[in-house]
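All chains should be modelled from the sequences, with the hints used to inform the complete structure.
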Amino acid sequence: MKKRGIGIGCMFYGIGYGFSRQDISAATVEICEDGSVIVRSGEVDYGQGSDTIFCQIVAEELGVRYDQIQLITADTFVTPNAGPTSASRVTYVTGNAMLKAARAVKKTLRSVAEDILGETDLIFSDGMVFSESSREKEISFRSLAKAAHLRGLQIVETAWHDVTTKDVDPETGQGKAYSTYAWASQLAEVEVDTETGKVEVLRLVAAHDVGKAINPSNVEAQIEGGAIMGMGYALEEEIRQEGGHVQNRSLGEYMIPTALDVPLVEAHIVEVPVSDGPYGAKGVGEPALIPTAPAILNAICNALDIHITELPANLENIHRLIREKGE
Amino acid sequence: MSKPDEKDPLQMTVNGKAVSLSIKPSWTLLHVLREELRLTGTKKGCEQGDCGACTVLMDGKTVNACLVLALQAQGSVIETIEGMGTAENLHPLQESFLANGAVQCGFCTPGTLMSAKALLSDNPSPSLQEIRVGISGNLCRCTGYTKIVKAIQSAASRKP
Amino acid sequence: MQNFEFYSAVTIEDGLACLSERGETCRIIAGGTDLIPLLRSEEVRPVCVLNILNVEALKGVAEEGDCIWIGPATTFTEIMDSGILQRSAPLLVQAASSVGGPQIRNRGTVAGNIATASPAADVLPALMALDATLEVQSLDAGIRRIPLTEAILQPYRTCLRSDELIVGISMPRPSSDTRGGFEKLGRRHALARARMNVSVVLRTDPDGCVADLRIVPGAVMPVARRMTEAESVLLGRRPEPGVVETAAEALAEGILKTTGRRSSSEYKLPVVKNIFKRVLQRLC
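Protein chains in written order, with my numbering: chain H, 1423 to 1749; chain V, 4 to 163; chain L, 1062 to 1345.
Warning: the hint list may mix true and false statements.
[What the hints assert, rightly or not] Covered, in the sense of this in silico footprint (three residues per stretch, anywhere, with C-beta under 8 Å from a C-beta of chain L), are these stretches of chain H:
(1) 1675-1686
(2) 1699-1707
(3) 1728-1738
(4) 1741-1747
Rather than coming from a laboratory, the hints here were simulated on the basis of the structure. Note that CB positions come from ideal geometry on N, CA and C, so glycine has one too.
Now the structure itself:
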C-alpha cells in the first residue's frame, strides 16, 4: 500500500566561521587605461557562481558592462587571500570585499569626473558617467579611465573585509556567535510503499531567506542542488564503516540520487536584506541541504505515524519501523 | 593476435576526423580519448560505469567510454563533447544548459549533454519521464537535476 | 590494468578456434560492463581477451517456429527495442530496461548477464522464468543445449567450459494467453543493483485456474531458480488471496531453506513475498 504524507523542516544557519574564528577576505579591483576592469580574488568558484557575482558586483558599482570585467581568481601568485570557499561565506564576506574595492576606485574616478565635468551629482551607469541634473555633461567610463591614468592617480584598490565575531561567553552562551544567519523552510511530500519501505519524494519545496539574490538563477540552482543532497542524506546515502575503514567507497556503492529519483525542486527566494551584506546578501550553499532531511522525516511520520530517530530512512529501516508498528 | 607488450593499430573516426593510433589492448576508449587524443572534455569519474561522466556517442549510441576497450571501437564513429559545439558555435542544447543555469561545477556536463543529445535525436519531443530516463545514467551532485531537465525541455521545445 | 592480447572474432569459428587453443587463459568480452571493472581491479588477469561483439551471427532476435532465439551479443537496449520480444515476452523487456542506465544498456549483453552469473542479475532470472535454454558450442564438443536453470553453478560461475562460447539463447514462444511480469526493487531507480527482483510467468485456463506458473526471484539466493514449492501451491487453483498468501509463504520458506537465516532475511523475506504477490496480482 502506498501512503502519502507532508512534512516541514526549518532551519537557521550561521554564515561564515563564527565563534571568533578568523573570517576575512580581500579583493582587488583595478581600472585599466582602456576602461576595462581587472578583478582579483583568491576565492575558488567550484560551480556555485562566485565568479559571476564578483563581476556583477563590480559592474554594478562602476556602471560598466559585465563583460568588461576580467576576473582572475584562485592564483596564489597574484590574487589576495580571500579565505576558503566554505561556510556559505563567499558572497557575504568576499562579496563585501569586492564592493569595498570597487567603491574605493570609484571614489578616485568620481573625483576625476567631477573635475572634468564640473558637476558633483554624478551617476555611473551603462559605461557612462553623467550628471543627473545636466545629462549632456557626460564622459564615457573608458575616457574617464584614461584620464585617471594620465593624471597618475592610483586606480587599483585592494580591500579587506572582516566578519570575525567576538564569540559567546563560554558560561552563558550569550554573545555574538556568527555575524549573520540564513533562514529557511522546506516542505516535502512523500509516498511510502509500506510493502517495501521505499520512500519516494513527490514534491520538495524550499523557501530560503538569502538577504538578497545577486544572481537569482544561481541561488535557485544552489537551493535545488542542496535540497537533493539533503534528500539523499535522508534516504539512501550512508557511509558504512568497519573498524574505521569505509566499506562503500565507490559511486556504485554510495547511492546519490539519479534523475529518476528526484522531484523537480521548487525553489523560492525570500529577500530580507541584511544591512551588512553586499546589497543585503547573505549565503545559501549549506542552508540548502539542512532542512530537507527533517522535512522528509516529518513527511514520513505524517504518512505512517511513526517517529524516526535514525538515518538513513532507507528501505530496511523504514520497513522495520513499519513492521514494529504493526506488531 | 597481439602480444602483451606490443601495440595494436586502431582506426576510428572521432568528431568527424579519421584517427589512426597505436595502442595497448588494455587501454579503454576513455584513456585513448583523454591521454592519446588530448580530448579532455570527456571526464574520468568512477571508471566503473557508475557515473556517466565519460559518456560519449559510439556509432550513434551513448556509452561509458571507461567500459569500452579502445580496440572494440575499431572502425567506429565516435563523437565527444568537443564535436558537439564550440565556444563560437554552441549546440542548441549547450546554449539551453547555459541559459537555464544547468551548469555548476561542470564535471557531469559533457556526459549529460551527450546523453541529452542522443535522447533528442531519438525522441525530439520527450516527456518529462523520458528525459529523466535519458539522463538517468549521468550522476550530478551539484544541480539536483532540476535545471538540467528544464534545459532539455527548453531545447526540445525550440527545435524546428 | 595488466595488459593482454586482444583478438576480435569475426565468425563463431574464429572465436571457437581461439578458445580451443587458449580458453584457459582467455576471457570473453562482449559489452564489457562486467568484465572491464574486473580487469581494472585485476581481479581477473587474462593473457588474452576475445571480443565477440563483431560476430554478426551472435546478434539479433528471431522467431524460429515455436521458439524465440536471442543472439548472445544482443544488448539490453536491443532487447527493449525488439518488436518480437515486446509482443511475446514483455517480461524480458521489463527486466532489460531495469538494468543500469542507458549507457550500460547500450553495451551490456544478454550473454554477459548470464555468463557473469551475479546473484543480483536482472535478465538472468527473467530468462529462467521464460524457460530459456543456452546453446553453447566448442570445437571439441560441438553444440550443447543446457537449460538455463541448470547452467548456473554458483555465484559468478556457470557450467561453461573454458573452450565454450554461448552461441544462442532460445526459449519457447509464450502462448498468447501467457502473461509475464517483472519488478525490481533497488535503492534508486537507475544505476542500482537489485535488492531483489521477481519474475513471474502465468497462464490460466478458461476457468481462471492456474495452468502454468513460473516464479523466479532474483538477488535473494546465491543462485536463482524456479520456486516450484510456491508454484505448486497455485497450480490448478484459482489465484485467490488465501491461496496466493500460502504460495507467498512457500516462496519465503523456500528461499530461507536455501540461504539459511541471514542478516538480510529479516527484510528480504517479507518484502519478496509482497513483491511476488503484487506482480502476480498485476497478471490476474
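The hints, checked one at a time:
no.	hint	verdict
1	1675-1686	holds (count 6)
2	1699-1707	violated (count 0)
3	1728-1738	holds (count 3)
4	1741-1747	holds (count 3)
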